[in-house]
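A.B. asks: The residues making up each chain are set out below.
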Amino acid sequence: MNLLALRQQLSLAAVAAAPDTTPLAVPDPLVHFLNRSSFGIREVDYQRATQMGYAAFVESQLVPNAALASAIENTIAVNLPSIKMTGAQLYVAYPPSDNKDFVALAELRAATLLRQIYSPNQLFEVMVEFWTNHFSVEHVHGYDRIAKTIDDQDIRKNALGTFKDLLNANARSPAMLFYLDNYVNVKTGAQENYARELMELHTLGVDGGYSEDDVKNVARAFTGWGFNRTQISFLFTQRNHDTDEKVFLGKALAKNRGMQDAQDVLDILAVHPATAKLIATKLVRRFVSDTPPTSLVEKLTALFLSSGGDITAMLRALFASIEFLASADLKIKRPQEYLQSVLRATDAKITGTTYNRVLMGVFEGLGQQWCNWPAPNGYPDVGSYWINTTAWLARWNFVFASLDGRLDRGIVIDALALCAGAKTPETIVDTLSARLLRRKLSASDRTGFIANLAAGAAVDMALRADVLTSRAREMVALMLSSRYFNYR
Amino acid sequence: MSTKTPATVAPTQNSLCQNIGAHILRRDFLKISGLSSAALALGPALAPNIAIAADAASARNVDTLVVIFQRGAMDGLNAVVPYTESEYYAQRKSIAVPKPGAASGAGLDLNGKFAFNPALAPLKPLWDQGTLSVVHAVGLTTPTRSHFDAQDFMERAWLEKGQVFSGWLNRHLSSTALANDVTFRALSVGKAVTKSMGGPAPVVGLNAIDSFGLNVSASRKTELGDTLEASFSGASFLDSTGLRTFAAVDELVAKNPGVIAVENAASYPNTTFGNQMKDLAKLIKSGIGVEVATCDLGGWDTHNNETAELASLLDELAKTLAAFNTDLGARMKNVTVLTMTEFGRRVMENGSGGTDHGRGSCMLALGGGVVGKQVFGQWPGLAANQLEGGDLRVTTDYRAVLAEALAKRCGNQAKLAEVFPGFTGQATSGLFVAR
Numbered sequence: 001m002n003l004l005a006l007r008q009q010l011s012l013a014a015v016a017a018a019p020d021t022t023p024l025a026v027p028d029p030l031v032h033f034l035n036r037s038s039f040g041i042r043e044v045d046y047q048r049a050t051q052m053g054y055a056a057f058v059e060s061q062l063v064p065n066a067a068l069a070s071a072i073e074n075t076i077a078v079n080l081p082s083i084k085m086t087g088a089q090l091y092v093a094y095p096p097s098d099n100k101d102f103v104a105l106a107e108l109r110a111a112t113l114l115r116q117i118y119s120p121n122q123l124f125e126v127m128v129e130f131w132t133n134h135f136s137v138e139h140v141h142g143y144d145r146i147a148k149t150i151d152d153q154d155i156r157k158n159a160l161g162t163f164k165d166l167l168n169a170n171a172r173s174p175a176m177l178f179y180l181d182n183y184v185n186v187k188t189g190a191q192e193n194y195a196r197e198l199m200e201l202h203t204l205g206v207d208g209g210y211s212e213d214d215v216k217n218v219a220r221a222f223t224g225w226g227f228n229r230t231q232i233s234f235l236f237t238q239r240n241h242d243t244d245e246k247v248f249l250g251k252a253l254a255k256n257r258g259m260q261d262a263q264d265v266l267d268i269l270a271v272h273p274a275t276a277k278l279i280a281t282k283l284v285r286r287f288v289s290d291t292p293p294t295s296l297v298e299k300l301t302a303l304f305l306s307s308g309g310d311i312t313a314m315l316r317a318l319f320a321s322i323e324f325l326a327s328a329d330l331k332i333k334r335p336q337e338y339l340q341s342v343l344r345a346t347d348a349k350i351t352g353t354t355y356n357r358v359l360m361g362v363f364e365g366l367g368q369q370w371c372n373w374p375a376p377n378g379y380p381d382v383g384s385y386w387i388n389t390t391a392w393l394a395r396w397n398f399v400f401a402s403l404d405g406r407l408d409r410g411i412v413i414d415a416l417a418l419c420a421g422a423k424t425p426e427t428i429v430d431t432l433s434a435r436l437l438r439r440k441l442s443a444s445d446r447t448g449f450i451a452n453l454a455a456g457a458a459v460d461m462a463l464r465a466d467v468l469t470s471r472a473r474e475m476v477a478l479m480l481s482s483r484y485f486n487y488r
Numbered sequence: 001m002s003t004k005t006p007a008t009v010a011p012t013q014n015s016l017c018q019n020i021g022a023h024i025l026r027r028d029f030l031k032i033s034g035l036s037s038a039a040l041a042l043g044p045a046l047a048p049n050i051a052i053a054a055d056a057a058s059a060r061n062v063d064t065l066v067v068i069f070q071r072g073a074m075d076g077l078n079a080v081v082p083y084t085e086s087e088y089y090a091q092r093k094s095i096a097v098p099k100p101g102a103a104s105g106a107g108l109d110l111n112g113k114f115a116f117n118p119a120l121a122p123l124k125p126l127w128d129q130g131t132l133s134v135v136h137a138v139g140l141t142t143p144t145r146s147h148f149d150a151q152d153f154m155e156r157a158w159l160e161k162g163q164v165f166s167g168w169l170n171r172h173l174s175s176t177a178l179a180n181d182v183t184f185r186a187l188s189v190g191k192a193v194t195k196s197m198g199g200p201a202p203v204v205g206l207n208a209i210d211s212f213g214l215n216v217s218a219s220r221k222t223e224l225g226d227t228l229e230a231s232f233s234g235a236s237f238l239d240s241t242g243l244r245t246f247a248a249v250d251e252l253v254a255k256n257p258g259v260i261a262v263e264n265a266a267s268y269p270n271t272t273f274g275n276q277m278k279d280l281a282k283l284i285k286s287g288i289g290v291e292v293a294t295c296d297l298g299g300w301d302t303h304n305n306e307t308a309e310l311a312s313l314l315d316e317l318a319k320t321l322a323a324f325n326t327d328l329g330a331r332m333k334n335v336t337v338l339t340m341t342e343f344g345r346r347v348m349e350n351g352s353g354g355t356d357h358g359r360g361s362c363m364l365a366l367g368g369g370v371v372g373k374q375v376f377g378q379w380p381g382l383a384a385n386q387l388e389g390g391d392l393r394v395t396t397d398y399r400a401v402l403a404e405a406l407a408k409r410c411g412n413q414a415k416l417a418e419v420f421p422g423f424t425g426q427a428t429s430g431l432f433v434a435r
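These protein sequence lines map, in sequence, to chains A and B. Heads up: the first sequence is residues 1 to 488, going by the working numbering. Heads up: the second sequence is residues 1 to 435, going by the working numbering.
Hints may be right or wrong, so weigh each one.
[Stated by the list, open to error] Here are the simulated distance ranges between beta carbons: (1) A:Thr75 to B:Val259: 41 to 49 Å; (2) A:Met52 to B:Arg220: 36 to 44 Å; (3) B:Gly425 to A:Pro29: 48 to 56 Å; (4) A:Gln153 to B:Gly329: 49 to 57 Å; (5) B:Ala308 to A:Thr86: 27 to 35 Å.
Rather than coming from a laboratory, the hints here were simulated on the basis of the structure. Glycine included, C-beta positions come from ideal geometry on N, C-alpha and C.
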């Protein structure tokens with residue numbers, strides 16, 4: 001199979017959306033997999049991956065070992081007690097009545113940040129993010145400040161399971177029932193918000209073949225689906241349910257069947273070919289290209305249908321595909337992946353009590369706070385949305401502030417340690433590019449970076465001791481600001 | 001599209017630039033990087049020609065066009081209320097805006113037929129002065145009720161998926177290319193560039209003036225900036241946007257709009273949108289060359305508790321636009337502001353004090369070139385047989401409004417077919433006076 005030819009073909013496909021014909025030398029396959037399947041490459045994960053080899057490492061990410069993440073999970077359990085609570089416990093411990101619910105929200109954001117930085121099960125965390133975004137809920141409103149914690153538990157249970165389980169859990173999730181208003185969808189005045197987005201965004205896709213009448217019928221099928229306000233748990237209320245017959249995609253849903261109406265709708269949606277195509281397309285967009293190649297989308301669509309929506313099976317095929325292997329530099333890090341990857345790549349030491357608030361401010365500034373997208377379609381996953389002049393400045397300023405220690409005293413990046421003893425401009429650039437970028441610089445970039453470090457002095461002589469630390473910091477920041485590090 | 005955009009930097013020229021880069025100011029480097037290597041060798045001698053580039057926008061003798069997208073689908077019927085329609089009150093028992101003259105919450109009469117939602121009160125003086133009009137029953141001619149499709153179609157001005165990937169404003173910019181690149185000609189205010197602005201013509205995204213700079217505390221700020229800038233040497237999207245960032249920062253330092261005062265005691269709401277529009281006014285006043293600007297105000301998806309939610313949003317919109325108008329003062333003679341939204345909302349309210357997705361909504365047009373004080377468009381009525389699937393019909397294609405604005409205020413009579421491919425209708429007439 002001609003990788004280069006396919007790569008060119010994929011690049012051409014990407015041109016339509018955002019011209020990208022970069023001639024950079026591509027990273028090796030393992031680095032490519034790590035870039036795509038993680039929140040950036042930590043040295044310890046890279047070493048483990050290298051020892052295991054491509055196939056074994058991919059498989060270990062597809063079937064994660066929970067024990068590997070026990071350290072970070074213990075830290076979370078001790079410091080962020082709301083994460084493991086039931087809805088009833090949350091309601092008592094973090095009552096909305098006195099704004100304690102904002103603490104629950106902050107704890108979920110903090111737990112998410114820590115898991116994304118420290119969990120060795122990176123692909124799992126990436127998939128948690130993927131489904132969180134697929135079933136997007138704007139976290140900051142009303143009951144969702146505590147209900148999203150339950151929603152997150154559901155997603156983590158099913159992130160590498162089957163789509164059907166994810167969908168069924170989400171349709172009963174108080175967070176979603178509140179966010180898309182289904183808790184006020186009642187027989188005396190059906191409300192279409194959830195019904196429409198369930199089909200358009202969660203399952204069939206906007207061109208999935210449903211009609212405006214289907215929207216109205218599905219809304220009626222879901223009348224009475226709500227949640228208990230103090231248990232923060234799913235609750236079906238028969239007296240709010242429209243008991244008349246409904247018709248959905250040409251199938252009659254007989255009258256007087258209560259909850260079964262909507263369950264039938266979910267069962268149909270969960271295995272529908274249009275759903276399979278939507279999920280396949282989104283997975284390929286996440287892991288391969290902003291303009292998903294049809295060949296791979298079709299392969300994964302078929303696999304969804306034959307496997308009963310088995311997410312792991314789809315991902316296994318995706319990572320083994322030629323389309324994936326040929327897709328280096330076709331994706332750009334979104335702010336969340338960018339920020340996490342800076343911390344991971346540099347092995348930043350994070351301590352103290354203020355870093356979390358500071359990093360949340362950075363997320364806000366970069367435009368991708370966890371669960372804060374205002375619309376139910378989730379954060380976009382195309383580079384053209386995320387990269388522009390103001391976004392570049394926000395990224396660069398975050399990196400330079402982090403390296404200078406200006407961001408927060410609890411966030412420390414040891415640039416000299418990253419240099420691993422290198423002291424000349426040439427060796428520092430080569431060491432840092434291998435460690436942070438894990439790929440070859442173009443000749444002109446290598447020359448430019450070395451000249452910057454040398455600042456007029458010899459490129460093969462050790463830098464003066466009094467400038468070594470600051471120059472090393474600057475070079476780390478430069479590399480993390482460069483295009484190399486912004487590809488995913 | 002200008003021939004001198006960063007996107008045209010060829011690798012060979014760039015390595016040459018690197019060699020001589022130390023002798024050339026960064027913005028000059030960008031401006032000349034599209035020239036021949038012989039010209040490059042001249043270096044600083046070219047600077048005088050470059051300095052006048054920003055004046056090119058005013059030389060084009062056009063308005064600054066400001067397009068505000070109200071994401072989420074604004075309920076046009078409760079914003080500009082058809083208060084003589086009995087069906088309006090019959091279908092909206094809990095959320096209708098009371099008629100002008102009602103004891104509380106009354107609409108503000110516009111013309112004996114329509115009334116502003118009272119939350120739009122800050123705009124009423126502009127209406128009275130004759131620089132503000134409404135286009136009603138306007139929208140997409142394709143009947144999607146998906147927010148995301150509708151916004152996508154509207155912003156690309158191509159009413160289906162695929163085929164056309166650029167935004168209508170970007171095509172407007174491309175089809176009215178300037179001889180010299182003006183960095184801030186196209187400005188998307190916010191953290192992301194709006195889809196209407198996306199495409200080959202370069203765009204500056206700016207979220208806030210005071211954070212738009214490279215914040216490097218090191219004493220080697222210039223050297224670091226130069227090296228980073230030089231590293232964007234490829235032909236990719238990352239490279240072109242990276243280079244443009246440096247050009248925009250330099251331009252902003254030169255014009256320093258951050259210190260420009262708000263004038264005429266204008267008072268912007270202290271909200272994201274309010275502050276963004278305040279910054280936009282500063283940039284316009286600075287003469288940096290803004291010809292087209294976009295800004296978003298989201299949250300209009302009022303399925304639930306509409307009366308309160310809509311009032312809050314309309315209040316923010318109206319206070320901001322009124323402040324913008326006051327702040328710019330006489331400059332509004334050369335500014336056109338348009339609002340748009342992806343669709344309107346169903347005539348009949350739902351069971352949760354809100355409205356579900358509908359069809360027609362309304363647009364506002366504000367500026368010295370607007371024929372003011374009119375509710376523009378053909379009113380389709382609200383009787384059952386006048387609706388489309390329970391929704392207000394679209395009787396004015398939103399593209400017709402944009403086309404008239406571009407033709408009469410933005411100097412683009414000639415290339416409207418490029419901006420609005422597939423649009424076979426006529427531009428509206430009578431909403432704007434020609435410059």
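A.B. asks: For which of the previously enumerated hints does the structure constitute a violation, in increasing order of number?
C.D. replies: Structure breaks no hint.
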